[in-house]
Every structure is written in structure tokens, then in C-alpha cells.
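First to last, the sequence lines map onto chains A and B. When the count follows the UniProt record's numbering, it moves up by one through the first sequence with no breaks and lands on 692 for the last residue. When the count follows the UniProt record's numbering, it moves up by one through the second sequence with no breaks and lands on 692 for the last residue.
Taking CB as the label site, the calculated pair distances span:
1) Q277/B with D434/A: 18 to 28 Å
2) T560/A with R539/B: 28 to 38 Å
3) Q277/B with K554/A: 36 to 46 Å
4) K554/A with F181/B: 38 to 48 Å
Derived EDC-like pairs: lysine to aspartate or glutamate, alpha-carbon spacing no greater than 20 Å straight-line:
5) K554/A with D359/B
6) K554/A with D606/B
7) K295/A with E284/B
8) K556/B with D495/A
9) K120/A with D631/A
10) K569/A with D606/B
Derived by calculation from the structure, the hints in this document are not laboratory data. Glycine is no exception: its CB is placed at the ideal position from the N, C-alpha and C atoms.
There are 2 protein chains.
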Amino acid sequence: MEKSSCIHFCFISCLVLFIVVGSWYRSTNSSLPNSTLQTPWSTSKNRIFSNSKASSVLETQAQTSIDHSAEAPHHPLDPLTVQEINKVRTILSSYEPFSFTLPTIHTVLLDEPDKVQVLKWSKGDALLPRKAQVLALLNGQSHVLTVDLDSSSITSHAINSSSGYPMLSVDDILAASKVPFSNAEFNKSIAARGVSSSDLICLPPSAGWFGPNEEGKRVVKVLCYSKESTPNFYMRPIEGLVMTVDLDTLEVLKFSDTGREIPIPKSTDTDYRYTAQTKEPQMEPLNPISIEQPKGPSFRVEDGHIVKWANWVFHLKADHRAGLVISRVMVRDSENGELRDVMYKGFASEFFVPYMDLDESWYFKSYMDAGEYGLGMSALPLVPLNDCPRHSYYMDGIFATPDGNPFVQPNMICLFERYAGDISWRHSEGLLTDFQIREARPKVTLVARMAASVGNYDYIFDWEFQTDGLINVKVGLSGMLMVKGSPYHQAPNQDAMSGPLISENLIGVVHDHFVTFHLDMDIDGANNSFVNVNLVKERSLPGESPRKSYLKAKRKIAKTEKDAQIKLKLYDPSEFHMINPSKRSRLGNPTGYKIVPGGTAASLLDRDDPPQLRSAFTNNQNRDRSIENKDIVLWYTLGFHHIPCQEDFPVMPTVTSGFELKPVNFFESNPILQAAPAFEKDLPVCRPSASP
Amino acid sequence: MEKSSCIHFCFISCLVLFIVVGSWYRSTNSSLPNSTLQTPWSTSKNRIFSNSKASSVLETQAQTSIDHSAEAPHHPLDPLTVQEINKVRTILSSYEPFSFTLPTIHTVLLDEPDKVQVLKWSKGDALLPRKAQVLALLNGQSHVLTVDLDSSSITSHAINSSSGYPMLSVDDILAASKVPFSNAEFNKSIAARGVSSSDLICLPPSAGWFGPNEEGKRVVKVLCYSKESTPNFYMRPIEGLVMTVDLDTLEVLKFSDTGREIPIPKSTDTDYRYTAQTKEPQMEPLNPISIEQPKGPSFRVEDGHIVKWANWVFHLKADHRAGLVISRVMVRDSENGELRDVMYKGFASEFFVPYMDLDESWYFKSYMDAGEYGLGMSALPLVPLNDCPRHSYYMDGIFATPDGNPFVQPNMICLFERYAGDISWRHSEGLLTDFQIREARPKVTLVARMAASVGNYDYIFDWEFQTDGLINVKVGLSGMLMVKGSPYHQAPNQDAMSGPLISENLIGVVHDHFVTFHLDMDIDGANNSFVNVNLVKERSLPGESPRKSYLKAKRKIAKTEKDAQIKLKLYDPSEFHMINPSKRSRLGNPTGYKIVPGGTAASLLDRDDPPQLRSAFTNNQNRDRSIENKDIVLWYTLGFHHIPCQEDFPVMPTVTSGFELKPVNFFESNPILQAAPAFEKDLPVCRPSASP
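Given only the sequences and the hints, what does the whole structure look like? Please build it.
In C-alpha cells, the structure reads:
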């Protein structure tokens, strides 16, 4: 039976990579089919930065955010400014259908101009018309509006009737968090547990649809934790207590309490804050170490969003839903210096995090962190020197609150040059020949980073650019596990549990993480083809050679989307190239980039399982349109299987995986042949800061 | 047919990981079954560093090697010293069977004491008896000798009668390189090509057995290149010209010339030396960047080989064959500071690099770079600031020359602390709750590195130690491709070629790289078990849950070696744990480490293909001994499929892959919870060196 399921998965399912035409993307919990990003999560400034109870020593190092109040857009892809968001609110306020009540604003986003227009635009041209896309909720109905900022008018208005709902707003979350406390059953239950309600914190970590019974309702599951004696309440679940709350009526649709016999795990050793540490670390302390650039970093940021570094130029912006978006990525040709297109747009489109526990209080835990909470809205300010090295440049995010006001998330993205002691290329000669050669080049890269704290989990996103043309996309996982209370202090038969015991009375439930990336590759222009370069084992003919077998690379251009649905196979390997069929190197090779997979875990859930139905973007179902020599988008799903362990308690050491976008016959030859080595005379002279 | 071959590979073959008892390892081209390392490649000092024709600007930065002449061993695993190698030679010289002629010395290596004795030994104890293992060749016979340095006697002497031969010596290589020039057919052939013999360089890059016709002979294939106008002769093959040379008689057993119509590729743009670059790079220059530690690095090296850093202690040494060997790896327990065993020994045991071309001058290209050439002997001095960052510590290698004299390879290994701007762990809080938390810790690691230049290819080996207990083993590939001359200037039907055109008249032949690592894990002691933690998809019972499927982690302890032969499967995933069944965490979890695969390419060659027969260590064939709770060794094969591209010409940007050894319930909780963040006040004050 296991073998047959393996055959099934090897040959039928488990997409990791697929292609669709254009940049259209839609997930089932979102109601904006025309948006490429759909970032409908917003919050109120004063709600977010008030009531600070515990403060961290690291906060004091945060840099002050710059004043955005007078900023104007410079590039057609620049996000909406503070002034523009204010203008959207003014226009909405005087819009007749909303004259009685302004709806709750879930997103105010730039309605990006058509790609064709953006590609034609160049600096100095008049800015393309600025439009905002607004996603709002009023009386349980989702409104989708286009606001023309130039004419101060609303040019389209639709009430969404398809399945799915906008991303949760902070108002939704705060309202849902309060619901339990006025529920009699809840209060009885926590009293029976001997918990004071002032020690409780309730959260709606699970939004979305969990099967036919909940269809057509905007529901969340509300769970509670004890924050008594620790800020790490995630490690103190009130196990088995779950309320299904209707977000529009704030009714408790279902109350479930199956865990009264399960103790609340202890608070001891859960606090991870530096100021709370009392034990000495059992290791020798490390001397200060730092990436130093006394002449400053080599990149510059023009007009707020255009990043220029070495041979790269790209547009970088913060985004409500995706966190960070990289657009108009161009690299300089190594022969003639010409700027060449590589990617029109790249971002994390959606997350899918299913937990592997069927209990009443667990089955629904299958998060979609981008579409439900927003990676951008969850990205709190980065911590200088610790989240990003010295000499980093910080970029803020500007979003809208539920009442339509602009809100600045400071230091949301950092940009830094990285030297990790690695080698860009090398060769030594002198052992076999009479050439005496010692050539090596240090590897210096540019990293754009953001980190989303989506409740318990922290997701670190890195887009790393190399001078050899490679783009390395990485996702790091840290923060806290989603844990389950347990009656056990000792691991009994773990086969009966949904994960290992990671502390007393705490189970780290097995789960997966899938991150689907939208990669609108434009190799030397918008029209590209997708090529599967399959390595096939061939047998030699009798008498042909002492060798009996060899591999042969066979290129196959995908004609339609179905051809491009990829199931990675270790024993039937392929390279996956995005090429421009109209552009060839001097040798006749098509210019291209390949995607080098990493983090290859695939979802093994059944296709008809509700979480997998919602997260069907991690399958390879799509239409079967023609994709040859068209403006196509590559979708890559990065996956992690996570079986927790004690080292993940109380906060997880970062686990990182990613994939690469790597030039393949894009350059005529090694583009960093001329790179200079490092010389002692050029390096900085440093002294410890404490010395005189 | 392709589908059936995929089924075959999914279920029958393609090992990536397997286990055998003890540390015994043997490859078919080596004659030392009792040795764990077998590093029989050596060279003469004066041969290596003479005749330098072209010199590199980078050489001037090389650090001066220290004087090793008076060094004594301190630890039972310390490599033989200069004095000890001299003593071995003296003992051999007066050994009666060699009184007429001293054999050619292929290796003089420490004969490591039994593991049990080494584990008992501690600093301050008398050093364990010092013995050398000598592999020598005389009149075509391989002699294996044990030399007792304390009693100055030879305690064992065997003449090898099994298959395989010692690693090539530099004498072998030099002799073989000269053979063509006195061969009439060869001289006629190069004259017909219009090549002057003074522009030629000949090398024996392919040693070993290539099918039944060559069994029982010590043969190499000699190939030639034009070094006219370039030091990068690898890019100028005299295609189709190959001589099979008997290394003992220096006879040309077979002469083959099938490529007279193929032009020698041009020298233009092949020179990669910095001093030879005339074109300006088409990118903005980078400001100096450096990892700075004004208080110095935090590690120390005691007694020449014991490395101590943060919570790690290990023994590090250079090795003829393996390059670098890490032994006695211990990490400090995060609760009580106790030093705990993790790994007794780790090293790259063998390489296998098959090329996918059946032509008469190509079929045999299937290198075993460790056993044929020696990764240590091929490791030329590292280039400071470029191969390794500032503040690196350099370690030399001490080997024996063919005449038995000691030879010092300076700056062969570097050791450095690395800060790459990465995050060790993080969490932010403040969006959903009233806690205001910004906690993040910078990730600082320790790297031990060596780089072998095995002819054209450069292999960079990193062993990276993290404070969270993780060991990250990486192999980087750079240097030059093994290329094939071609009549074509433009890519015609590439299906007929064994790889893409990467420059005019040059084909980058498709090939694989497999590196098999010997990992003698000792989790809390020598006796360990191997556990396959399989993630199995289960279906929910009817009515049990709205969910239909979930994953379940099922642990299975391998009883015998066959149980531990692993075929990685993306759609039937597992974790692979090495545990100590006798030691449990406070929660009852067995203490363990898992191997996290990376670089998962597997050899697809037929099992009966000569290169695969020689490199059968990349299959999973072994005995089926009992391995539960025994002193077992984990073997991991890291693989790369390489389809070359133009960017790989004339020198390849580094491609890196690796695997991790990661603690799983080894520590009671996150061992770096107490780690300190970086503070501005502790960081260095730097100025550009050029400023006053």
C-alpha cells in the first residue's frame, strides 16, 4: 500500500513548479481576481504601538523612521504614498454609496499599470496614471473599487460574489480576540481550569474555510493561551478550548472544550528575551565580529525604490500581502554593458502550513499566512545589527489602516552587502604543470531582506543578488512552534501522538510549510519559453564502447501549461530553463535562466482534503493555455517538512531553504572573469570600539 | 521506456546514504584494506615549486609557513611530523628487503591507534604508540608496511595481491607526461596538426581500470593540450589524441588519434589571471568589504590541531587523500557544560566524476579524485583575503615525497569565524498582542576550509560549526571544465553532442560529481543506532474529522546494514537520525543527530558499467551486518549533475551544495537561548586604510 502510494505520487501528483500565462493569480480566500498581489490586511497605527508591557533591550537600537508625509511617487511601480492613501480616503468618503458608513478598509494598494506600459516607461517620462485598488467590507459584503487618483473618481466598483473573503483586518483580529471573554461557557471552562481571565490571551490564528459546514461564512477559530509569567504565551496553550467565531456577527458558532484534563504547560524557561536570561551560556563568549565597509556600501537607492548595485538594477518595495516585491530586475551584459531584462516581478504569493493533527481543536490549523494575515503587515521593524548587519539600508512600508488612514511600518526591509568569506571562483595551478597560479575572488552579494512575524512563526525572506547573475531566494523559519498541550511529562509511545514531546506537557505537532513564489521571468524581454532539459540514461550499443551507459541532456520546450507542470524526480532529473527563443548567444545557444530547486518537500495531503483544496496552488492544477514564446510566469513552491524537536523550544534556531535563478547561456562567458581580488591595502583599519 | 526506467530507479537503485559497521572502507583502486584514509599520493618539494613561468599577483600575499622541523606530536591523532617522516625513511632504508633499492613511496601516514584507545586517552596521558603506515611500490608490486616509530622496527609487511593500485605519485605523473614526446606516432600526429611540441602540455588525468582489457595493469590515459598563449591550456585540448600508458613500463599500450579534423580551440579570452585582464568589468566597482574582528577571532588552536571555539572542541588535520579530517568532535551540553561526543571522524572519502561521452578519447573519463590523485596533495596554498577572509588561521599539511622525504604544503587549511549577516533565531511580537518584543541574534559560525585543485577542477570543502550544534558540510566546485574540442563554432543540433557548446570549438561535456563522506558519528558515545523517521500519509476514518488526510512520523530502527540503505524519495520523505539508544533526554527522547540531505543527485549509470563498478561506493551495496546500538559509520554521497553553460567558460563561478548534521533532541532545549545580541558599542571602529 505504501509502494502504490509512492507510485501514485511519483507519476501523478506533487507539483513543485508550474507555469501559467500572465501574472494572474487567485487564491480561494481572496476576492480580488484582478489583483496580482491582493494584500488586504491593514491596521491602525495607534492600536499597534500602544500598551507596550514588556520592552526589549534591542528596541532601543531601532533607527528612526524618515518622514514620509511629503513623498511623491517617482516610478510607475512605486507603492502608494502617504498623500495618495489620504487622497483615496477622501475620495471614498465623498463616494455616494458610502455616504452613510465608510466600509472597513482591508487594503489600499497601488493598482499597477499594465506591464506593457511599465516596460515602455523610462525615467524622465511623465508618471503613468496613478490608481488605487481598494478592498473593503461593509455589512458582510466585499467591495472591490478602483480609485483614479488623477481624476479623483471611482472608476470601477464591484461587490464580490465569488468564494473567499478579504484578508483579516486588525479590527477583525481584535474583535475576535475579545469574543471569548463574554461567553459564559468559556468563562466556566477557564474557571474550571483555575485560570484567571486576566492571564489569558486569545487569538484567531486560523481563518478560512474548513469544509462544507463553514462555507459562505467569514469564520475564524479563536484559541487562548496563558501569558502568566511569560511573554511566550505560545508555549502555554489552553489545550482543547476552541471557539468558532463568525467575524461579521461576532457570534460563537461553536464552542468546543476537549482538554480540561490537560495541564497548562509551565512558564519556566519559555522567556526568550535577552533581559530575561539568568543562566550563563555554556560556551565561551564570542569576540565582536562585523561586516565592515568604511567607505560605505556599494549600492545606492534612487527615488526611494530603485536599487543599483554592481551589475544589477531593480525596483524594491514593501507590500501588504507579499512582504517585499522585486520588480523590473535587470542585469548588465558582461560584454557590452547593456542592461538586460531578467524578471519583471518576483514575490512570495502564498504560504500553506498544514498541521498533522485531526483533533477537534487542531484539524483546521492549515494557515495561509500571506492571504489570511499578510506577510507585509506581519513584518515588524527589523532589529539593526541582529536582523541585518551594520551598514544596512532600511526601507519602510506604507499601508492603510482599517479606517483608511496611512500607516508607516518603519525599517520593514533591509538592504545590505554581504561578504561571508566565500569564494566567487578560484583556480590554482602548479602541481602538475610549471604554471604557478593562485587565483581566487571573494564573493560579495547584495541582500534584500524582510522578516514577517505571523503570530508565532517568523519567516525571513532573502533575495540575494550575485555579480555572476545568480539570484538566490531564501526563506528562513524561526520564532515559535505551534504546540499542543499534553498530559505527558515523558515521551510514552510517541506513535500515538501527533509529534514529539518538546518540553513537559508540550507536543511539537508535525507540520509542513509551503511557500509559492510568483516569478514573472522576462529573459531579454517578456516573451519566453519554458524548457525541460531532461537527463536521460542511455545504453551504449553493443561493441560501441567499454562504457555501458551514459547520460544525455534532452531539451523539450513546453507547448502548453500542462507540459510545464513539473514533478521533481531524483532519479529522472531535469534542469528547468526559462529561455528567450528569439535571442541567442553568439554560439547559438538560447539565452536563459534556470531555476535550481531547493526545499523540495511536496504536500502529501489528499487532493480532496479541505486544506489541500484551499491550497490547491501547491498542486499543479491550472489551465492548459499555450505558453511557448509568451509572457509567462514561473510558479515555484518551496517546501519544508517539520518534525519538531526539543531544540525548537522555546524559540527555534533558524532553518533556511530556498532556490536559485541562475543564468544559463545568458552571458557569453563567465561575467565575473574581470572581478578584482581583495588586497590588504584596500581593507579597513579597525580598532575595538572600547579601546581609546 | 523512460517511465519504466524511472520506476526502476525509484524502487531499486540509487542509494544516497548508507551505513556500515566500523570505519573500514575500501575502493577498488586502492590496496590498503586496513587503512581508513589511504592517501598514497606524494611529491617532491623541489619538483613542485620550481620552474614558475607565470606568476600571479595574488601569490605575493601568501603567508610564510612556519618551521615544522622540531615539532612533536601531542595527540594520538596528530599527523606524522617532519621528524617522524624522516625517521620512517631511515627505518625503511635499513630494512633488509629494500637494501638494494628503496621503493617509491606513495604514502607515509599515521597508522591511527584503535578508536577505543584514543577515546580513553586524555591530555596529560603518555602519547599512544606512534606507528606509520607506508604504501610503496617496487618492481610493479605494492608493499604495505607498518613502521613502529618507538621501536624503530617494521612490524608488518605485506605485498598487496588484491585488485587496485596505489594513488599516482608525482613521479608517475611526471613520467607519464613525458611519454608522448618520444613516441613516433604522437610526434607525427601533432606535426600534422601543426602544433609545436614546445607548446604542448601532456597530463595523465585518468587513472584506473576501464574494463577487462586493462585489468591487472597499472595504466593511465595521457591527453595533451596546447599552452600556447594561455596558462588555461585546459580550454585548448588536442582532441581525439589519447595514449594508454603502462605506468610501470612507460610503454604506450595503445595510441588513438580520432580528432585530426578538429581545430584546437582559440586561446583568446581563456586567461583568467587578474594581471591578464585588459577589459574593464561591465559593472560598478565594489567598495572594500571585510569581516572584521579587532579583538581577534574567538577560536584557538592548541597543540597544533585541537580547535576550541564557543561550545565546540575538535581535532583538525591535513590529510594526503581526504584533504582535511575532523576528529573527536565534541560539543558542550547547554545545560551543564559537559563536553559530549558527536562524531569520531568525518572526511571526504572518495570522489566519482563520470563524464557522459562514449568517444574513444572520452569514455574513460570517470575520475576518483581522492583515491587517484589525493585531495590533500592537490590542495595548493590558500590565497589569503580571497580564499579565506582576514583574520583566518592557516594550517600546513605535512606529507612524504616519493623518495620518502617530508614535504610541507603551506597554508593548506584555513580556519575562520564567519558572520554573513544571517539570523541565528528571532521573534517579534506586538501586532496581535500588547507585548512589544524585538529579539534577534546574529549567526556567527566557525569554518574549516581547504581547496583541492585536482587538475582542472577546484573543490572547496567547508566544515562549518554552528553554536546551535549544527554542522554544515559543503562542497564548492570551481576551476575549469573538462572540455571537448569540436568542429563547430555555432550550436547545431545539440542532440548529437555530449554537451552544449560553451565557446567556439568547445563542448562542455555533461558530467556528474559524487562525493562520499565518511561520518563516524558517536552520539554520546560510540554505540549508536540509525533510525528512519518516515513521514507517512494517513487517511482519516469516516466521520473522524473534516480533514481527510495527515502525515504521521513513524520511527524504524535499522537492525542491519540493508535496513539502512537509503533511497531518498521526495514523495515518501524521511528524516535520518543517528541516536544513542542508551541515552535519553529528560523527556525520554533518544539523544540524536539527523543528517539533512542536500545535493541529492544520484548516479544513473548502469550497475555493470565499468566506471560504476569502480565507484560502487556510490551505490548502496554492503554487507548486512547487525548495526543496532553498535559503533557504526554513516556514509553520505553528495551529488551534482552538471550540464555546462557558457558562463562556465573560461573558469566556473563556484557551485556549492552540501548536507547538515543537526541535533535532534540532543540538547534539552534551544542551546543558544542565552546567546547575546550584537550591540553597537561592542562593534569595531574602522576607517578606510587609504585615509590618513
